[in-house]
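Chains as they are written, first to last, in the numbering used here: chain A, 1 to 113; chain B, 1001 to 1115.
Think of the hints as simulated: they come from the structure by calculation, not from any bench. For glycine and all other residues, C-beta sits at the position ideal for the given N, C-alpha and C. Check before you lean on any hint, since a few could be wrong.
[Unchecked claim] Some chain A residues judged to face chain B by a derived CB distance under 8 angstroms, without partners named: (1) Val11; (2) Glu42; (3) Gly43; (4) Phe89; (5) Gln100; (6) Phe101; (7) Phe103; (8) Gly104; (9) Gly106; (10) Thr110.
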Amino acid sequence: GNSVTQMEGPVTLSEEAFLTINCTYTATGYPSLFWYVQYPGEGLQLLLKATKADDKGSNKGFEATYRKETTSFHLEKGSVQVSDSAVYFCALSVINTGNQFYFGTGTSLTVIP
Amino acid sequence: GAVVSQHPSWVICKSGTSVKIECRSLDFQATTMFWYRQFPKQSLMLMATSNEGSKATYEQGVEKDKFLINHASLTLSTLTVTSAHPEDSSFYICSAQSSGFHEQYFGPGTRLTVT
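Based on the provided sequences and hints, a complete structural model is requested.
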């Protein structure tokens, strides 16, 4: 089946530290992979995506590379800011399952000054 | 970019009453809309998928008579929680997808509190 396993949090980092949030997946078809961010009290916002193997999604200093060989899509940022504090969700979608999204459990990130 | 709105953003209702939540795609036609439920500090749980003009498909364990979904137009879907109980209190999020596009666009969510 389709599923996403995401690194458990919470994660607390100092400002300007390096961030990695691990995400691995299982999929029956050819998935597209996504990272969404949820700020307190708000809905989900698309952070970045990759639709095929070896694609790199990037946005606002965040990056993730679609690794088919390791079935991973780890989120990285070289220097986090206080404003990056949020919950991050890894997700996949496979067209042949009606575009249903499968979400990881979310990783809470707190960045302290 | 594509914008999805939800109304209301929060609602408090008494046990036994019904409450309707609207989800609108503001600048694109949403052939498919999804409704999710999110408990505190947990991930999103897909409740149902609705296609414009047809009946919604509910996920296993979701009561279709309790959570009524209507997708009457290409820009509007509604979720009605009937005979609400305190255990229905949650954060409800919708998302919308346009035909031919893989990406889903999420609404800001509606916080429902049943007293």
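Going down the list of hints, with the structure as the test:
1. Val11: Violated, about 14 angstroms.
2. Glu42: holds (6 angstroms)
3. Gly43: This hint holds: Gly43(A) lies near chain B, its Cβ roughly 4 angstroms from the closest one there, short of 8 angstroms.
4. Phe89: Because about 7 angstroms separates Phe89(A) from the closest Cβ in chain B, which is inside the 8 angstroms limit, the hint holds.
5. Gln100: Interface hint status for Gln100(A): holds (7 angstroms vs cutoff 8 angstroms).
6. Phe101: holds (6 angstroms)
7. Phe103: holds (5 angstroms)
8. Gly104: holds (6 angstroms)
9. Gly106: holds (5 angstroms)
10. Thr110: Thr110(A) check fails; min Cβ-Cβ to chain B is 13 angstroms, beyond 8 angstroms.
In the structure shown, a violation is registered for the earlier hints numbered 1, 10, in ascending order.
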